[in-house]
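Participant: Sequence:
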Amino acid sequence: MDINTLRGLSTIIIMIAFAGVCWWAYGKRRKQRFDEAANLPFADDSQNEQTLKNQNGHGDNQQ
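Counting in the working numbering, the sequence shown runs from 94 upward without gaps.
Since the hints were derived computationally from the structure, they do not count as laboratory data. You may find that some hints are simply not true.
Unchecked claim - Under the rule of at most 20 angstroms between Cα atoms (straight-line distance), these lysine to any residue pairs were calculated in the SDA-like manner:
| no. | residue 1 | residue 2 |
| --- | --- | --- |
| 1 | Lys124 | Ile105 |
| 2 | Lys121 | Ala131 |
| 3 | Lys124 | Glu142 |
| 4 | Lys124 | Ile107 |
| 5 | Lys124 | Ile106 |
| 6 | Lys124 | Pro134 |
| 7 | Lys121 | Phe111 |
| 8 | Lys146 | Ala131 |
| 9 | Lys146 | Phe127 |
| 10 | Lys121 | Ala136 |
| 11 | Lys121 | Asn132 |
| 12 | Lys124 | Met108 |
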């Protein structure tokens, strides 16, 4: 096996890996999760602040 055969095999392996990542990213099962993540920057700021308060354990009554 010479270096050119090794280069050819590595090219094929990289192409298969790239196709696998594309298949994973554009799969129907993950579309909803990716759509939600894409809209996160546009979420309401007050809702985000409320979520942060709840995660930190402050609750609604304490400010």
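Participant: Does Glu142 lie within 20 angstroms of Lys124 when you go C-alpha to C-alpha?
Facilitator: Violated: Lys124 and Glu142 sit about 26 angstroms apart, past 20 angstroms.
Participant: Quickly compare the C-alpha distance for Lys121 and Asn132 to 20 angstroms and report which way the hint goes.
Facilitator: holds, 18 angstroms
Participant: Check the hint pairing Lys121 with Ala131 against an upper bound of 20 angstroms on the C-alpha distance.
Facilitator: holds, 16 angstroms
Participant: For the pair supplied as a hint, Lys146 and Phe127, confirm whether the alpha-carbon distance does not exceed 20 angstroms.
Facilitator: Not OK: Lys146 and Phe127 at ~25 angstroms, beyond 20 angstroms, violated.
Participant: Please verify whether Lys124 and Ile106 have alpha carbons no more than 20 angstroms apart.
Facilitator: Violated, because 26 angstroms separates the two Cα atoms, which is more than 20 angstroms.
Participant: Would the hint linking Lys124 and Ile105 be met if the CA-CA limit is 20 angstroms?
Facilitator: Outside the cut-off at roughly 28 angstroms; violated.
Participant: Take a quick look at whether Lys121 and Ala136 sit within 20 angstroms of each other, Cα to Cα.
Facilitator: Roughly 23 angstroms between the alpha carbons, so the hint for Lys121 and Ala136 is violated.
Participant: Given the proposed pairing of Lys121 with Phe111, does the C-alpha separation stay at or below 20 angstroms?
Facilitator: Holds. Lys121 to Phe111 sits at ~18 angstroms (cutoff 20 angstroms).
Participant: Lys124 and Pro134: Cα distance at most 20 angstroms?
Facilitator: Holds, at roughly 17 angstroms.
Participant: Take a quick look at whether Lys124 and Met108 sit within 20 angstroms of each other, Cα to Cα.
Facilitator: violated, 23 angstroms
Participant: Hinted pair, alpha-carbon criterion (20 angstroms max): Lys124, Ile107. Please report holds or violated.
Facilitator: violated, 25 angstroms
Participant: Are the Cα atoms of Lys146 and Ala131 separated by 20 angstroms or less?
Facilitator: violated, 23 angstroms
In this structure, the hints that do not hold are numbers 1, 3, 4, 5, 8, 9, 10, 12, in rising order.
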